[in-house]
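Trainee: Below, each chain spelled out in residue letters.
2 protein chains.
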Amino acid sequence: MGAITPPSSILLSTMTERRLILFIATSLDGYIARRNEGIDWLFDDADYGYSEFYSQIDTVLMGRKTYELSMSLSDDPYPGCQIYVFSRSLTETADPAITVVQGNPALWVSQLKQQPGRNFWLVGGGQLVQQCLAADCLDELILSIHPILLGNGIPLFPSPFPEQRWQLVKTQSYPTGLLQCTYHRDRSVPSTEP
Amino acid sequence: MGAITPPSSILLSTMTERRLILFIATSLDGYIARRNEGIDWLFDDADYGYSEFYSQIDTVLMGRKTYELSMSLSDDPYPGCQIYVFSRSLTETADPAITVVQGNPALWVSQLKQQPGRNFWLVGGGQLVQQCLAADCLDELILSIHPILLGNGIPLFPSPFPEQRWQLVKTQSYPTGLLQCTYHRDRSVPSTEP
Chain A
32 MGAITPPSSI LLSTMTERRL ILFIATSLDG YIARRNEGID WLFDDADYGY SEFYSQIDTV
92 LMGRKTYELS MSLSDDPYPG CQIYVFSRSL TETADPAITV VQGNPALWVS QLKQQPGRNF
152 WLVGGGQLVQ QCLAADCLDE LILSIHPILL GNGIPLFPSP FPEQRWQLVK TQSYPTGLLQ
212 CTYHRDRSVP STEP
Chain B
32 MGAITPPSSI LLSTMTERRL ILFIATSLDG YIARRNEGID WLFDDADYGY SEFYSQIDTV
92 LMGRKTYELS MSLSDDPYPG CQIYVFSRSL TETADPAITV VQGNPALWVS QLKQQPGRNF
152 WLVGGGQLVQ QCLAADCLDE LILSIHPILL GNGIPLFPSP FPEQRWQLVK TQSYPTGLLQ
212 CTYHRDRSVP STEP
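Taken in sequence, the protein lines are chains A and B. Heads up, the first sequence is in our numbering, so the first residue is 32 and it goes up one at a time. Heads up, the second sequence is in our numbering, so the first residue is 32 and it goes up one at a time.
Chain A with its partners taken away, still in its complex shape (with noise of 0.2 angstroms):
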């Protein structure tokens, strides 16, 4: 019997998987927000990046806090795109575009990894993402650095999760200052616990 050669689409959803993506703007000293929640700090005076990055995603995962956040901030923060709120206390909503979740972060990821479609975006904050990397589901970090020591302030990964190793893929600085670096999870080394 000769060897089986899939058809191109299993090839390329092989090729292609969907990827959880952090695209996260922090302080120099890893902050994404002032103790108070403030984001004043923020860059607003380009794209830097975002709108080809959000082309790539149909999917856009956060803890409550940034999602009440988010909805302060715009009437319509993700078009296009599926929201999965993580929270304990929230139940549902009335927009079929928001799905509330109570499971595990890293469940859900991993169900949604083998429908079809584009990337994810993990928006925040701090909680989930600590879960996902705890969960080692955290394929992709782009991440804006701005050129500001805060001094105090919610941190971007709270500790502890276990020790993981990361690749390189990309810089991109700005005429403000701001550094955008992107870096794919290296999985060929061990994660290892802190």
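Keep in mind that the hints were calculated from the coordinates and are not lab data. Values in this document were obtained by computation on a predicted structure and should not be read as measured data. Ideal Cβ placement from N, Cα and C applies to all residues, glycine included. Incorrect hints may have been included.
What the hints assert, rightly or not - Covered stretches of chain A (in silico footprint by chain B; criterion: 3 or more residues with CB under 8 angstroms from a CB of chain B, positions within the stretch not fixed):
| id | region |
| --- | --- |
| 1 | 53-62 |
| 2 | 83-93 |
| 3 | 196-205 |
| 4 | 210-220 |
Given the coordinates of chain A, assemble chain B onto it according to the supplied hints.
Mentor: Frame of chain A, contents of chain B only:
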């Protein structure tokens, strides 16, 4: 009476004021060492700009733990440099190149800047970095960001300290994924409490 032109040596001295530089390696999540002080994750396969940097300094400042770690790794870790060790517990050493200081690091930096010489290297660790940030006496950051999330560890920038703007002046990426970023303190924007 005509304008007085200072001699060129004074002009040169003003233009090249000694700078306090933090040249340090960090994980992507902002740790200088594991919780158990382990630094085995640091790349040691190349120089990563160290020799060029070292040629620009003649003075090193560090905390007691960093000093003891340095001495355990090398017999002569800072050749040709005057060494200042900030400590509440140490009192003196037999080595004339080493000065043990119990006072305010910012005051020492300010006094040293009045004397002629090259730049200062703030070697670490976190507690001394925090004191220097609190006193706003750091002039330059050269951060070697390693492509690893440690998940826990000893923070590079322990909170709190007043907010500070910086200018990104250079980035360099290496084949290993190490990203070296140079920032200069931007004192045009007032520092505010976090």
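Trainee: Mind checking, does the region 53-62 of chain A have 3 or more residues with a CB under 8 angstroms from chain B?
Mentor: holds (count 3)
Trainee: Taking a Cβ-to-Cβ distance below 8 angstroms as contact, does the region 83-93 of chain A have at least three residues touching chain B?
Mentor: violated (count 0)
Trainee: Can you tell me if the region 210-220 of chain A counts as covered by chain B, using C-beta to C-beta distances under 8 angstroms and a minimum of three residues?
Mentor: holds (count 4)
Trainee: Between the region 196-205 of chain A and chain B, are there enough contacts, at least three residues with CB-CB distance under 8 angstroms, for the coverage claim to hold?
Mentor: Contact hint for the region 196-205 of chain A vs chain B: holds, 6 residues under 8 angstroms.
Consistency note: the structure conflicts with earlier hint 2 alone.
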